[in-house]
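> Below are the chains, spelled out letter by letter.
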Amino acid sequence: MKSPQDLVRFVLPIAVFAAGLLLWEAIVRAYGIQPYVLPSPLLVLKTLVADWPILSQSLGVTLLTTLEGFVAAAIGGVVLALLFNQSKWLEYSLFPYAVVLQVTPVIAIAPLLLIYLQQQTAVIVCAWIVAFFPVLSNTTLGLSSVDRNLAGLFQLYGASKLQTLLFLKLPAALPYILGGLRIAGGLSLIGAVVAEIAAGSAGAGSGLAFRIAESGYRLNIPRMFAALLLLSLAGIVIYGVLALVSHLLLRRWHESALGKDS
Amino acid sequence: MAEPGLSGSDSGSAVRLRGVTKTYDSGVTALGPLDLDVGRGEFVSLLGPSGCGKSTALRIIAGLAAPSTGTVELAHHGAAQRGSHTIGFVFQEPTLMPWANVHDNVRLPLKLARLPAAAADARIDAALDQVGLAEFASAYPRELSGGMKMRVSLARALVTDPDILLMDEPFAALDEITRFRLNNDLLSLWRNLHKTVIFVTHSVFESVYLSERVIVMTARPGRIGAEFRITSSEPRGEEFRTSAEYAAFCREVSGALAPSYAGQAGA
Numbered sequence: 033m034k035s036p037q038d039l040v041r042f043v044l045p046i047a048v049f050a051a052g053l054l055l056w057e058a059i060v061r062a063y064g065i066q067p068y069v070l071p072s073p074l075l076v077l078k079t080l081v082a083d084w085p086i087l088s089q090s091l092g093v094t095l096l097t098t099l100e101g102f103v104a105a106a107i108g109g110v111v112l113a114l115l116f117n118q119s120k121w122l123e124y125s126l127f128p129y130a131v132v133l134q135v136t137p138v139i140a141i142a143p144l145l146l147i148y149l150q151q152q153t154a155v156i157v158c159a160w161i162v163a164f165f166p167v168l169s170n171t172t173l174g175l176s177s178v179d180r181n182l183a184g185l186f187q188l189y190g191a192s193k194l195q196t197l198l199f200l201k202l203p204a205a206l207p208y209i210l211g212g213l214r215i216a217g218g219l220s221l222i223g224a225v226v227a228e229i230a231a232g233s234a235g236a237g238s239g240l241a242f243r244i245a246e247s248g249y250r251l252n253i254p255r256m257f258a259a260l261l262l263l264s265l266a267g268i269v270i271y272g273v274l275a276l277v278s279h280l281l282l283r284r285w286h287e288s289a290l291g292k293d294s
Numbered sequence: 005m006a007e008p009g010l011s012g013s014d015s016g017s018a019v020r021l022r023g024v025t026k027t028y029d030s031g032v033t034a035l036g037p038l039d040l041d042v043g044r045g046e047f048v049s050l051l052g053p054s055g056c057g058k059s060t061a062l063r064i065i066a067g068l069a070a071p072s073t074g075t076v077e078l079a080h081h082g083a084a085q086r087g088s089h090t091i092g093f094v095f096q097e098p099t100l101m102p103w104a105n106v107h108d109n110v111r112l113p114l115k116l117a118r119l120p121a122a123a124a125d126a127r128i129d130a131a132l133d134q135v136g137l138a139e140f141a142s143a144y145p146r147e148l149s150g151g152m153k154m155r156v157s158l159a160r161a162l163v164t165d166p167d168i169l170l171m172d173e174p175f176a177a178l179d180e181i182t183r184f185r186l187n188n189d190l191l192s193l194w195r196n197l198h199k200t201v202i203f204v205t206h207s208v209f210e211s212v213y214l215s216e217r218v219i220v221m222t223a224r225p226g227r228i229g230a231e232f233r234i235t236s237s238e239p240r241g242e243e244f245r246t247s248a249e250y251a252a253f254c255r256e257v258s259g260a261l262a263p264s265y266a267g268q269a270g271a
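Sequence order for the protein chains is A and B.
If you're matching positions, the first sequence starts at 33 in my numbering and goes up one per residue.
If you're matching positions, the second sequence starts at 5 in my numbering and goes up one per residue.
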């Protein structure tokens with residue numbers, strides 16, 4: 033944030049956001065639109081504060097699900113990629129199914145999962161299904177984009193398979209893995225929300241998505257917006273945290289984390 | 005397919021190639037047949053046009069590629085030093101690990117040999133000292149110039165105290181001033197450490213400046229076209245670079261190299 037251009041890049045989106053809110057507020061007031069049709073931003077904020085005990089609890093539930101799904105996706109994606117990297121047979125046998133899982137819309141799978149699994153498990157599995165693929169494909173790409181000469185050097189010095197993996201392949205793949213995790217963070221939130229909505233119609237659950245569905249039935253539109261706002265914020269925070277972790281891990285050496293002048 | 009042997013020979017050769025060829029799956033023969041003897045402590049350059057298989061020859065000597073036919077024998081000074089420790093390899097690119105600092109990059113061969121860190125540190129410091137980078141141990145490759153990165157690469161090759169140093173156009177990508185300095189530093193390292201050096205280059209001037217012997221290779225498939233023993237009365241330095249005898253050697257070697265280019269379109 034040094035040059036005026038950086039400042040403009042920072043201020044502009046905020047200005048657009050503020051202008052949008054003002055316009056929204058003005059339209060709602062000018063036309064006297066009822067809150068159950070479109071609540072004003074101010075009312076959404078008030079609802080957020082008033083309903084905080086319920087909403088914060090739901091936020092916790094959704095965040096926990098997201099985190100569990102994310103961790104499962106991160107471990108599952110990286111481990112699968114490592115196995116594929118070690119054995120071509122395994123890759124040929126299983127990779128098509130990873131693609132099938134990825135391209136089948138999770139919203140269509142969620143009701144099925146809810147039949148066969150406990151609700152809490154089903155929700156996590158949903159988050160996992162949506163989020164693991166970018167980790168898997170990015171890690172696979174990273175593991176196979178090792179410098180050929182460096183690999184030759186490891187061979188020359190008689191490195192074992194494990195040494196090559198730990199000291200060469202994994203560090204070389206790290207920027208790719210982190211890129212995959214950044215996508216997976218947002219996706220696991222989506223997976224959790226989709227599963228909660230699918231489960232919500234079955235009656236149980238208390239996550240934010242469930243609150244949105246429930247408020248919809250009750251025509252409590254301000255609370256819908258408040259819950260939506262929290263989901264959005266959660267997504268932004270998840271992305272920001274992962275981007276920060278990525279930056280901290282790569283800042284000493286990787287192009288993506290270096291400033292223009294270095 | 006012939007196995008590259010690792011048996012010691014008492015003939016005084018550090019490296020001995022007999023009838024080595026390399027044919028790729030596509031049927032293209034890139035190299036040979038090549039017979040080559042390099043004496044212990046000798047500095048030999050392989051000089052030739054690009055695509056003549058000189059890098060392939062180096063990779064075969066290192067064991068990074070298998071010859072299609074023929075044998076490779078490497079002598080080693082002590083029985084305890086069998087295998088990888090006898091060879092240091094420097095690539096055309098510095099080939100450093102960008103995620104590790106200079107110290108850890110140089111440490112790599114020792115780490116792969118599972119040498120304890122305490123024992124490794126002294127050798128790493130010595131190797132960095134030899135290439136004049138002692139103060140840059142904690143720098144990352146991204147922070148170094150091209151010449152300095154190449155010095156790190158050289159230190160990494162030296163850290164195992166190899167008998168044979170294989171260098172694959174190591175200074176080709178550097179600017180001339182840096183290349184001259186590294187040439188001089190390499191010469192003094194060679195004089196002090198008594199390594200056998202096989203140096204692949206496409207520069208006539210570099211090969212004459214550095215080597216005791218220049219081997220000119222023919223165009224693909226690469227064979228030995230001519231050999232020159234480069235003798236100079238004084239220890240080599242910048243005066244040699246501008247001397248009449250240097251110019252005469254360069255003219256001679258260039259003349260031998262010309263037929264290799266004659267067959268190439270656009271050369």
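None of these hints come from the bench; they were simulated from the model.
We treat Cβ as the ideally placed atom computed from N, Cα and C, and that holds for glycine.
Take these hints with a grain of salt, some might be off.
[Stated by the list, open to error] In silico lysine-lysine, DSBU-like type, Cα no more than 35 Å apart, as pairs:
#, chain 1, residue 1, chain 2, residue 2
1, A, Lys120, B, Lys115
2, A, Lys78, A, Lys193
3, B, Lys115, A, Lys193
[What the hints assert, rightly or not] Just a sample of chain A residues kept apart from chain B, beta carbon distances all over 10 Å, derived:
#, residue
4, Leu54
5, Glu57
6, Val60
7, Arg61
8, Trp121
9, Gln151
10, Leu182
11, Leu185
12, Leu188
13, Pro203
14, Leu261
15, Tyr271
16, Val277
17, His286
> Look at each hint and say if it fits the structure.
Checked hints:
1. For the hint linking Lys120 of chain A to Lys115 of chain B, the alpha-carbon distance of about 28 Å falls within 35 Å, and the restraint holds.
2. This hinted pair does not check out: Lys78 of chain A and Lys193 of chain A have alpha carbons roughly 59 Å apart, beyond 35 Å.
3. A hinted pair counts as satisfied when its Cα atoms are at most 35 Å apart, and Lys115 of chain B with Lys193 of chain A qualifies at roughly 14 Å.
4. The claim that Leu54 of chain A is not at the interface with chain B holds, since no C-beta of that chain comes within 10 Å of its own (minimum 46 Å).
5. Even its closest Cβ contact with chain B, about 50 Å, leaves Glu57 of chain A beyond 10 Å, as expected for a residue assigned away from the interface.
6. Against the 10 Å criterion, Val60 of chain A stays outside the reach of chain B, whose nearest CB is about 53 Å from its own CB.
7. In this structure Arg61 of chain A is separated from chain B by more than 10 Å, as the shortest Cβ-Cβ distance comes to about 56 Å.
8. For Trp121 of chain A, the condition that its CB be more than 10 Å from all CB atoms of chain B holds, with the nearest at approximately 22 Å.
9. The claim that Gln151 of chain A lies off the interface holds: its Cβ sits roughly 42 Å from the closest Cβ of chain B, which is beyond the 10 Å cut-off.
10. For Leu182 of chain A, the condition that its CB be more than 10 Å from all CB atoms of chain B is violated, with the nearest at approximately 5 Å.
11. The beta carbon of Leu185 of chain A sits about 6 Å from the closest Cβ of chain B, which is not more than 10 Å, so the claim that it is off the interface is violated.
12. Against the 10 Å criterion, Leu188 of chain A falls within the reach of chain B, whose nearest CB is about 6 Å from its own CB.
13. With a least CB separation of 5 Å from chain B, Pro203 of chain A falls inside the 10 Å interface cut-off, contrary to its annotation.
14. Remark: the non-interface label on Leu261 of chain A is consistent with the geometry, its nearest Cβ contact in chain B lying 40 Å away (cut-off 10 Å).
15. The claim that Tyr271 of chain A lies off the interface holds: its Cβ sits roughly 24 Å from the closest Cβ of chain B, which is beyond the 10 Å cut-off.
16. Taking the minimum C-beta to C-beta distance to chain B, about 16 Å, the non-interface status of Val277 of chain A holds against the 10 Å cut.
17. Not every CB of chain B is more than 10 Å from the CB of His286 of chain A (nearest about 7 Å), against its label as outside the interface.
Violated hints, in rising order: 2, 10, 11, 12, 13 and 17; the structure is consistent with all others.
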